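Asker: Residue numbers (our numbering), protein chains in the order written: chain F, 1 to 112; chain P, 1 to 114.
Quick caveat, the hints were computed from the structure, so don't treat them as lab data.
All figures in this text were calculated on a predicted structure; none of them were measured in a lab.
Under the rule of at most 30 Å between Cα atoms (straight-line distance), these lysine-lysine pairs were calculated in the BS3-like manner:
| hint | chain 1 | residue 1 | chain 2 | residue 2 |
| --- | --- | --- | --- | --- |
| 1 | P | K11 | F | K104 |
| 2 | P | K11 | F | K42 |
| 3 | F | K71 | F | K56 |
| 4 | F | K99 | F | K71 |
| 5 | F | K99 | P | K11 |
Here chain P is said to cover these stretches of chain F; the calculated rule only asks that three of the stretch's residues, wherever they fall, bring their Cβ under 8 Å from a Cβ of chain P:
| hint | stretch |
| --- | --- |
| 6 | 45 to 53 |
| 7 | 98 to 108 |
Built from N, CA and C at the ideal position, the CB exists for glycine as well.
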Amino acid sequence: GESVGLHLPTLSVQEGDNSIINCAYSNSASDYFIWYKQESGKGPQFIIDIRSNMDKRQGQRVTVLLNKTVKHLSLQIAATQPGDSAVYFCAEFPGANSKLTFGKGITLSVRP
Amino acid sequence: GAGVSQSPSNKVTEKGKDVELRCDPISGHTALYWYRQSLGQGLEFLIYFQGNSAPDKSGLPSDRFSAERTGGSVSTLTIQRTQQEDSAVYLCASSSNRGAYEQYFGPGTRLTVT
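So here's chain F without its partners, still in its complex pose (with noise of 0.2 Å):
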């Protein structure tokens, strides 16, 4: 796998400041991509998606941004707190019947 052998980066953050995640996509026909939060001990969570004809959209807290110019995802939490230190995963889906993608993943560590 493109992840074996290589341990995950790591963005720390003090609490209740605003967090930013970014992915770099590879493929540029996807039609959704997508962010799961992973807590410790736990499988992946699904967080918010976006479809491939917008820009923007917002969740609660959280705002996920795509750039598709330059295949760039980014993942913004507003108000970082302790219970949002977890490994968040950017994903890609092509459309019906493909697969899911996902990315390396980012670790999330929120200073008190």
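We have chain F; now place chain P onto it with these hints.
Answerer: Relative to the frame of chain F, chain P by itself:
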């Protein structure tokens, strides 16, 4: 409702033994994925089942790994002649047709090969 379940939650086996890991997806979900995750690392795709289509086995690391999905529901991942490098958490996920990219993950099986 019930989520994805996996069994066993932990498995310790001796090098060279075969192991079977089970996944019960959410009822009605047509897609089922197996991933492997080593400590502190990302998700390694293993195999993908979609309905009655032939599975995508492109992520299986060797011919010691195989998986079945019976009746479009329960799946079993089998690792033959286990090696120490097979030690990892094995995660199963399922998704529906309508929400194909929203995967629901099980808690995983932690496999330790001694």
